[in-house]
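> In case you want the letters, here they are:
2 protein chains.
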Amino acid sequence: MSGHEPDTPTPAEIIPPLGDQELEALREVGRHWNAVVEPRVHRLRELPVDPSLKRASDGPRAGRFSRFTELTSFEPEGKDEVEATAAATTPVSQLGRLVEAVERVVIGPPLRSSAVVHERMRNLVALPVLGSDLFASVAYGPESMLAVLVLAGASGLRVSLPLAGVLVLLMLAVGASYRQTIAAYPSGAGSYIVAGDNLGERAGVTAAVGLLADYILNVAVSVATGIAAIASAIPSLRPYTVVLGLGMIALLLAGNLRGVREAGHLFAAPTYVFLFAMGLLICVGLEQQAGRGFAATPPPPIKPVEGLTVLLVLRAFASGSTSMTGIEAVANAVPAFKPPEWKNARTTMTWMIGILVAIFVGLMLLIHLDGIAWNPNQTVLSQLAHRSFGNGVTYGFIQAATAAMLLFAANTSYNGFPRLLFFMARSEHAPRPFLQMGDRLAFSNGIVVLTIAAAAIFAGFNGNLQALIPLFAVGVFVAVTLSQAGMVVHWWRNHGPHWHRAIAINGFGATLTAIVVTVAAVTKFTAGAWVVVLGIPLLVWLCLRVRAHYRVVHEALAVQPLPDTLTQPRGAAAKQAGYVPTPATGERQESPEHVQHLMLVAVERLDLANLRALAYAASLEQPLLALHLSPSDEEAERFRKEWDTWAVPLRLEIVVSPYRALVAPLAHYVDALQAQRPELTLTVILAELVVHHPWHRLLHSQVAPRLRLALRTRPNIVITTIPFHLPA
Amino acid sequence: MSGHEPDTPTPAEIIPPLGDQELEALREVGRHWNAVVEPRVHRLRELPVDPSLKRASDGPRAGRFSRFTELTSFEPEGKDEVEATAAATTPVSQLGRLVEAVERVVIGPPLRSSAVVHERMRNLVALPVLGSDLFASVAYGPESMLAVLVLAGASGLRVSLPLAGVLVLLMLAVGASYRQTIAAYPSGAGSYIVAGDNLGERAGVTAAVGLLADYILNVAVSVATGIAAIASAIPSLRPYTVVLGLGMIALLLAGNLRGVREAGHLFAAPTYVFLFAMGLLICVGLEQQAGRGFAATPPPPIKPVEGLTVLLVLRAFASGSTSMTGIEAVANAVPAFKPPEWKNARTTMTWMIGILVAIFVGLMLLIHLDGIAWNPNQTVLSQLAHRSFGNGVTYGFIQAATAAMLLFAANTSYNGFPRLLFFMARSEHAPRPFLQMGDRLAFSNGIVVLTIAAAAIFAGFNGNLQALIPLFAVGVFVAVTLSQAGMVVHWWRNHGPHWHRAIAINGFGATLTAIVVTVAAVTKFTAGAWVVVLGIPLLVWLCLRVRAHYRVVHEALAVQPLPDTLTQPRGAAAKQAGYVPTPATGERQESPEHVQHLMLVAVERLDLANLRALAYAASLEQPLLALHLSPSDEEAERFRKEWDTWAVPLRLEIVVSPYRALVAPLAHYVDALQAQRPELTLTVILAELVVHHPWHRLLHSQVAPRLRLALRTRPNIVITTIPFHLPA
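Those protein sequences? They're chains F and L, same order as listed.
First residue of the first sequence? That's 1 in this note's numbering, and the numbers climb one at a time after it.
First residue of the second sequence? That's 1 in this note's numbering, and the numbers climb one at a time after it.
Worth double-checking, as some hints may not be accurate.
Note that identical chains are pooled: a pair holds if it fits in a single copy or bridges any two copies.
[Said to hold, decoys possible] Pairs of lysine to aspartate or glutamate, EDC-like flavour, derived with a Cα cap of 20 Å:
(1) Lys641 - Glu28
(2) Lys641 - Asp20
(3) Lys641 - Glu24
(4) Lys641 - Glu604
(5) Lys338 - Glu428
(6) Lys343 - Glu103
It is worth saying that the hints were derived from the structure and are not from the lab.
Chain F extracted, bound-state conformation (with noise of 0.2 Å):
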């Protein structure tokens, strides 16, 4: 949480650069080494080959197709650098290549990083694509607070006004707080940053694991929601919801691995569309009431299953605050509004406001004048557009609106979803391959693991709008909240003008949403809100502990001066320490004289393979022993009349292994040897047949894999394999 970071993401961040002090020790690090490089600097540098690659083009032209496409594919570009092209980004094993042949008829080649984009927003563009997810939510609000008031049946409906009434109050609250929020932090003012900069870590990660939580159900929410205005007028489709949902899903997927990001514009249709189609079907509603004197129709009589108790005006309050979810979206892309950025978010903010506000009230309006009831076939949207429009094509232009509306709704979710764990990433709460754009540009991991984590929970709880909206209030208010609340402090902290009346804005605001993630958490805890309730927590913790390891990696891994110890020879005074094998933190041979090798070359039989290996290690001229584990003393014997025939005079050591075993005590004599002399640097050499086909791995004991994971944990130790490929 380092101040106000800049809200643009760029595909270059990959790499951490080094600090001042680093630097500093790097510099000292040069000079010992120089003292003890120069004098063997000519053997170093004088290369067999030109890096270059200039002196390759001499060679036989290599075309377009030819195998040797990778010669053209690295442009030298001044002195010792050359570029990678496209081609060099094709995939070197045939498996990779069948992958990526796939990759780029489903997502288009590759990107380059400069072809990054920031785009900037007018007002009329910004308020469809930021105000999509808001907008599409009064498509599953009202919607699911009826779902609950019918359970009281009739006298329950009859509450909707009332209730309407509420969360209109808490709508314009939130929105005039976040007003004050995107003037206070005009380079982006998401929770995250603002929770984080004002409250603390905990509080920041907090905010934005309950974002994340948002953009996962917002995605099984929407589909759940599309599909029911498809199934509602198509209903012979209703059974194959789950498919359907998981469809839309895959098709997300797709299309934000192509990259859709960079046509953003193009969402400014389907919401005016859908915005247009709302305005119709509210102003024909009340024009028909208007004819019968607003007087209101009586629901059908519905049998109520619960009493109307507070808890369940309270359940239904907390479906409702569904409606405004998406509220945060405008705060969190204040960077991407045409200069001066904050007076146009604040502008498109309030306007949003407004349009929610009146689609919310119109809607609710013509529910209770038309005695709407909840039906679980046919959604509450369905049924309105039927009484005014009967089943013509009208009728079917609001589904349609309203079905691509929630599509593209749920599409946000893989614009914030990704970009929020990049700028998690960058501040290491979140892995750091979330930090790498995929080839199109697109955070590649982060639209997977959406995908994957909401496709579960659409599916998990069968595509069924009305069992996933108890998880869904909890994660955004949560955030929000925490948004406010750091507002709060701000204000406390900086005492600019009226920050009287800022504080009360805010804090007002604060107090309105934490009462409503408390109704959710409470009222819904059992029917489901507990998942997210328990996994936040659990969340949070794990970015902690991910940031804390990074910690310990980047604490583990900084440059810092040789100690005294290490500037003399130490190989007496280390032997004379005894058997204490060198810890594992101190792998501290970063100059070459500390390196002291050992060869160890373990040879099973003395064929091509194992010869190639044994040459390979000899012709480092480094201590070699060769190793060979045999399974008894008549085989061992046979070995050594092999190797005296051989009669090189290398030293051989054989192992007996009576028990058959052969990963385990080549491990343990590796230990053996290095309990010896700790501070030895261990090359294990061993020769690895490649085969040509996968399944001949089955035909060879894979010792090469075993003993690197057997010995992974030891320190200095290297286990270097010598491949040898067998013809097909």
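Please build the complex by placing chain L on the supplied structure of chain F, with the hints as guidance.
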């Protein structure tokens, strides 16, 4: 198929010895090496450690439970040879140790190879041990025959006695045939060897594969019949057939991994108990029938669902022929008899056939006289026992003895299957891992494969005996037929005394069993035999491919004298030949001076881990090129500045990868370098962070394994990772 191999597996036969030609070539190669190695041998031989670990014992004493158990686990045994004790078989990794601990509890401590005993059996032990499978067959053979005949109603059941007569003829003919085989192949008369020797490799492998199928099905069928015997007595267990059966198979797995084989004579008891039970059942039954004057009770009226066609009778015959599965056991085990082996084996064979025929005839007669029909919920043996003994203790004894017998019969597959795979692996028709004996001197790999196959088939057919039987007859009779046909050829080639009669006997047996194979394969094809009919050729093809692969390996690995071109310096010649990369088979650097090194150190960042990798590479004093992959020009510039701060005059090449790919451009760059000088040995050195907790691996990009995979097909490329251990 190299002549008569001794039929006793030795645990040490894992590494194939060198042939005379290879030894000669080795001597010559050694002479060449010496010319090169001699001047540097001092450097190579001066080891910084004592490989015999003697010096180590002067250090702090290592206790049994101290962390230095490794030291005491090697007992010096003469010059340059140490022996790994049981302690040295303990896995080194944590996970490995956990697995090990479970293993010790389930299967016991490891056994030394020298603990292998080649038990010799007295005939009175051999009869029950080798006969268990054969005798147990009467529990399902008659049963399965009746299950087919009953389809034609009561008239179908009337055919059972004549059919039984034909089966007895078959038993006697095969018995006589095997008596001859045993005499002719005293060192082991398994079908694999007899068919292979006389009819060629293909026939031998086919016989072996047939037997393998037989062993697998024997487990499934015996367990199914055993459960049926138990469920006949306790009908409430019937719904749990599959679970109970899988439990039994798991028990067999654990028991055999423990190496129960050594307690072979334990098998004598249940077999004798079973024989006694059958004798009791038949005698009491016949005595009761004698009281009724042997007047056959007509079977209960059954509605026929099929006509009594020739096809039905043939199907019944094929099912009934499973009564003699296991007949080949004695022939496989001739060397296990006391001398004179072949005579004792032949006597035992005669007794076995005699007892089999007696029980079979007795049971069929009783079935006929008692008018017993097949019943899916009550085995035929259980019905007979109920008739004679009601529901009392004696009935329970008969059922228990039968169930126990069947479990032991299933167990015989656990001896035969892995042993046969061992012999196949020795002749290289099966993967070499089947040569290896596990900790308890059992062929663990074979045991595990058998368990998986049998469990899959048992569960796949729902543990239903009548569904499994159609698969059964084909495999074993294929092997028996090929073995006898092989004997015909054997007699034809070696005109011994009475060779005409010998040919007649073996020819008659072969003809009869060939008919059984044909009948079983054709009439049961759609009922399930297709699995075996199609599976056997597929497996035979695979075995032959395995053999072909190993042949290629031997040829590729065989030491040959160095070609002239390699004994002269050849860098210039190779360069003139242009950019043709060394073919995969051309990795002919078996002598140190042929290895021309280029160390390519991939440096991600100048931190301790990467400095250590650079130090390792530089300390080897070979040409060294540092390579950095950068996602953008700016990042490249930054890295170059850091490098310049270090100021060590090593060669650095930066590859800018604007498409953000990492492994592919690295692999292509290596390719491009190698294309310049195909004869170079390119060692790619890279730092690898070793994390403490496995889940931390998700937090770091795993370049090394991906690079290893990408470059594995390239010749002359060695990948070395220098581990850097992070603190916990």
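> Determine for every hint whether it applies to the structure shown.
Taking the hints in turn, this is what the structure says about them:
Within a single copy, Lys641 and Glu28 get their C-alpha atoms only as close as 53 Å, which misses the 20 Å cut-off; across copies the closest is 15 Å, which meets it. Taking the shortest alpha-carbon separations for Lys641 and Asp20, only the inter-copy value of 12 Å comes in at or below 20 Å, while the best intra-copy value is 61 Å. Taking the shortest alpha-carbon separations for Lys641 and Glu24, only the inter-copy value of 13 Å comes in at or below 20 Å, while the best intra-copy value is 57 Å. For the identical chains of this complex, Lys641 and Glu604 are intra-copy neighbours only, at 14 Å inside a copy versus 47 Å across copies, given an alpha-carbon limit of 20 Å.
Neither within a single protomer nor between protomers do Lys338 and Glu428 lie at most 20 Å apart by alpha-carbon distance, with minima of 30 Å and 74 Å respectively. For the homomeric pair Lys343 and Glu103, neither the shortest alpha-carbon distance inside one copy (42 Å) nor that between copies (69 Å) is at most 20 Å.
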